[in-house]
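**Q** Spelled out from the first residue to the last, the chains are:
2 protein chains.
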Amino acid sequence: MILISDNIHVMNPKVAKAMNDMDTKPIRDLASRIKNSGANIIDINPGPLRKDCSKMMAFLINSVQDATHLRLCLDTPNPEAIETGLTICKDKPIINGFSLEPHKMEKILPLAVDSDAETVGFLLHADGKVPRSLDERLALAFTLAREAKKAGLPPERLIIDPIVVPISWEDGTAQARDVLSCIRLLPDLLGFPVKTVVGLSNLTSGAGAKTASLLIEEAYLAMLAEAGLDIVLLNVLRKRSVATAFICDSIKNSRIWSWAEHDVWFLNT
Amino acid sequence: MILISDNIHVMNPKVAKAMNDMDTKPIRDLASRIKNSGANIIDINPGPLRKDCSKMMAFLINSVQDATHLRLCLDTPNPEAIETGLTICKDKPIINGFSLEPHKMEKILPLAVDSDAETVGFLLHADGKVPRSLDERLALAFTLAREAKKAGLPPERLIIDPIVVPISWEDGTAQARDVLSCIRLLPDLLGFPVKTVVGLSNLTSGAGAKTASLLIEEAYLAMLAEAGLDIVLLNVLRKRSVATAFICDSIKNSRIWSWAEHDVWFLNT
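The listed protein sequences correspond, in order, to chains D and W.
Counting in this note's numbering, the first sequence runs from 77 upward without gaps.
Counting in this note's numbering, the second sequence runs from 77 upward without gaps.
No wet-lab data here; the hints were simulated from the structure.
Just to be clear, a hint being listed does not mean it is correct.
Some chain W residues judged to face chain D by a derived CB distance under 10 angstroms, without partners named [what the hints assert, rightly or not]:
{"no.": "1", "residue": "160"}
{"no.": "2", "residue": "162"}
{"no.": "3", "residue": "163"}
{"no.": "4", "residue": "164"}
{"no.": "5", "residue": "168"}
{"no.": "6", "residue": "242"}
{"no.": "7", "residue": "244"}
{"no.": "8", "residue": "247"}
{"no.": "9", "residue": "251"}
{"no.": "10", "residue": "256"}
{"no.": "11", "residue": "324"}
{"no.": "12", "residue": "332"}
{"no.": "13", "residue": "334"}
Positions of the beta carbon are idealized from the N, C-alpha and C atoms, including for glycine.
Please put together the full structure from these sequences, using the hints given.
**A** See the structure below:
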């Protein structure tokens, strides 16, 4: 499983302050910690609503690239900020992402097609609403994949996000179950080995870092791994979550297990 | 998911000492703790090799039944001890279990048929060896279910154990993966909704209660839940493992989530 850090996010108060002060040091320090966490990719989320989104995207990317060579993921619905990111990223980033919402189909999908970048497609209705059943998710995936192909995006560059919602929603556990089924069914439904990603932190959104919410995150991550998830966006500074991903990956890919090696890995988790 | 406590086991030094002293108090105390853990069933394992296996089975059952009304599971390859257990259990116990080993087919399976008890069938070769691939497990399951039916055991009373092995075995992660696939495939293979059980502690056998082994247990339990496991035999005094089972069950059965309720549940996990 590929791990994308969700830590460089405007909702993180330290990141917000650094953006406000245009101070690269806190971002570089955080990027160094992320690099040492086991993350494979770093998501860059300057927030959706800022007028100076492109400027902030550039500030964050340059700060992060000063501290690490990890690949980046451009997490914004702002097309200009994506264009800026595509220009200054040293490695080809992932675009995160588009959906069937018309403005995203018109502005973001073409950027993905033209840039040769991998791109996340969210299973959201055209009005931006979250699907509320497995059937809705599968129907959206079918339409999204068809439209992406029609626009010229090769299937191997599409990464589908079936949308994890807070478990505390009235239908939160049912949606969590539907996301698992969706991940399992998508390759057969679409007829190619489509990659999948979820934003894990959404599951316990609002619940903070309580014991219960951390344990739920770990348990659901293991269920997602068993269902066949390829990529997870998560707080990589939660060592137990990263270790859970590593354990599940060892099992799914039947890597030889060494307690000695893993004792070191798990130290202080 | 149904939780069976594996704590009343001769390998537990406190249980061994109580058996040696024929002292019911430590067993009653342990049974009370198990009752409060969230367990649904208590496995009774007096050890396979004792000459006085029936006597020890009776001692453990009577002690446990003094402290709790939970259903029991008779975990022994000794047919006499199973007969004793069937006589004194207040509720119908689970017999744990038989396999294609000839002496178990001849002595234990008929006890299961005659007693109307649910029975665990282990996916072991006729010589007692553990299968080393998914194909071997599926072939053994097919033969085991056929032979059980032929002997008169109704399919709904068969519980298949695909055999979890230590993850530290050379092929431990591959076997862990095969067990997941086996659990997922069995209902279609056998043509009925066969129940499945695993002994979770085997996965980290010999590794003790290190952070890493506990985390592996939790992660694999969540993967098993997603694969469709019905019943798990585990150390129910590991609160995080029990909580993991509870979280996965809430998702699989889409029960409404309440943080308030779960904060209480997870307290001190």
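**Q** All hints, please: hold or fail.
**A** Quick rundown of the hints versus the structure:
1. Against a cut-off of 10 angstroms between C-beta atoms, the interface hint on residue 160 of chain W is violated, since the closest Cβ of chain D lies about 39 angstroms away.
2. Taking 10 angstroms as the C-beta contact cut-off toward chain D, the hint placing residue 162 of chain W at the interface is violated, the least distance being around 37 angstroms.
3. A cut of 10 angstroms between beta carbons decides the hint on residue 163 of chain W: the least distance to chain D is about 40 angstroms, and the hint is violated.
4. Look at residue 164 of chain W: its Cβ only gets to about 38 angstroms from chain D, farther than 10 angstroms, so that hint breaks.
5. Taking 10 angstroms as the C-beta cut-off, the interface hint given for residue 168 of chain W is violated, the closest approach to chain D being about 32 angstroms.
6. Interface hint status for residue 242 of chain W: upheld, as the beta-carbon distance to the closest one in chain D is roughly 9 angstroms, under 10 angstroms.
7. A distance limit of 10 angstroms between C-beta atoms decides the matter here; for residue 244 of chain W the minimum to chain D is near 6 angstroms, and the interface restraint holds.
8. Proximity of residue 247 of chain W to chain D holds as hinted, the smallest CB-CB distance being about 7 angstroms (cut-off 10 angstroms).
9. Hint status for residue 251 of chain W relative to chain D: holds, with the closest Cβ pair at about 8 angstroms, below 10 angstroms.
10. Interface restraint check for residue 256 of chain W: the shortest CB-CB distance to chain D comes to about 6 angstroms, inside 10 angstroms, so the restraint holds.
11. With its C-beta approaching chain D no nearer than about 6 angstroms, residue 324 of chain W sits inside the 10 angstroms limit, and its interface hint holds.
12. A cut of 10 angstroms between beta carbons decides the hint on residue 332 of chain W: the least distance to chain D is about 7 angstroms, and the hint holds.
13. Because the smallest distance between the Cβ of residue 334 of chain W and any Cβ of chain D comes to about 8 angstroms, under 10 angstroms, the interface hint for this residue holds.
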